[in-house]
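Participant: Sequence:
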Amino acid sequence: MHMQTNCIHLIPLFALAIRGIYAVVRMQTNSITLFTSIYYISPHTKRK
Numbered sequence: 059m060h061m062q063t064n065c066i067h068l069i070p071l072f073a074l075a076i077r078g079i080y081a082v083v084r085m086q087t088n089s090i091t092l093f094t095s096i097y098y099i100s101p102h103t104k105r106k
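Residue numbers for the sequence shown follow this note's numbering, so the first one is 59 and each next one is one higher.
Keep in mind that the hints are not guaranteed to be accurate.
Ranges between beta-carbon positions, derived for each pair [what the hints assert, rightly or not]:
hint : residue 1 : residue 2 : range
1    : Ser95     : Gln62     : 47 to 53 Å
2    : Ile69     : Ile96     : 39 to 45 Å
3    : His67     : Ser100    : 46 to 52 Å
Honestly, the hints are just simulated from the structure, not real lab data.
Keep in mind that this is a model prediction, so the values were computed, not measured.
A virtual CB, placed ideally from N, CA and C, is assigned to each residue, including glycine.
Sequences and hints are given; from them, build the entire structure.
Facilitator: Right, dumping it as structure tokens:
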């Protein structure tokens, strides 16, 4: 019985963790695309 309550408590925690990881990954990809766009737009890249 105790094990089952633990599983029930773990499920929402697991979902929350997945949601948090997804948010972090999405934030990182957004910052990376923003950085690359700024890097390519900046005139410093055109100077060879």
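Participant: Against this structure, judge whether each hint is valid.
Facilitator: Going through the hints against the structure:
no.: 1; hint: Ser95 with Gln62: 47 to 53 Å; verdict: 50 Å, holds
no.: 2; hint: Ile69 with Ile96: 39 to 45 Å; verdict: 41 Å, holds
no.: 3; hint: His67 with Ser100: 46 to 52 Å; verdict: 50 Å, holds
The structure meets every hint from the earlier list without exception.
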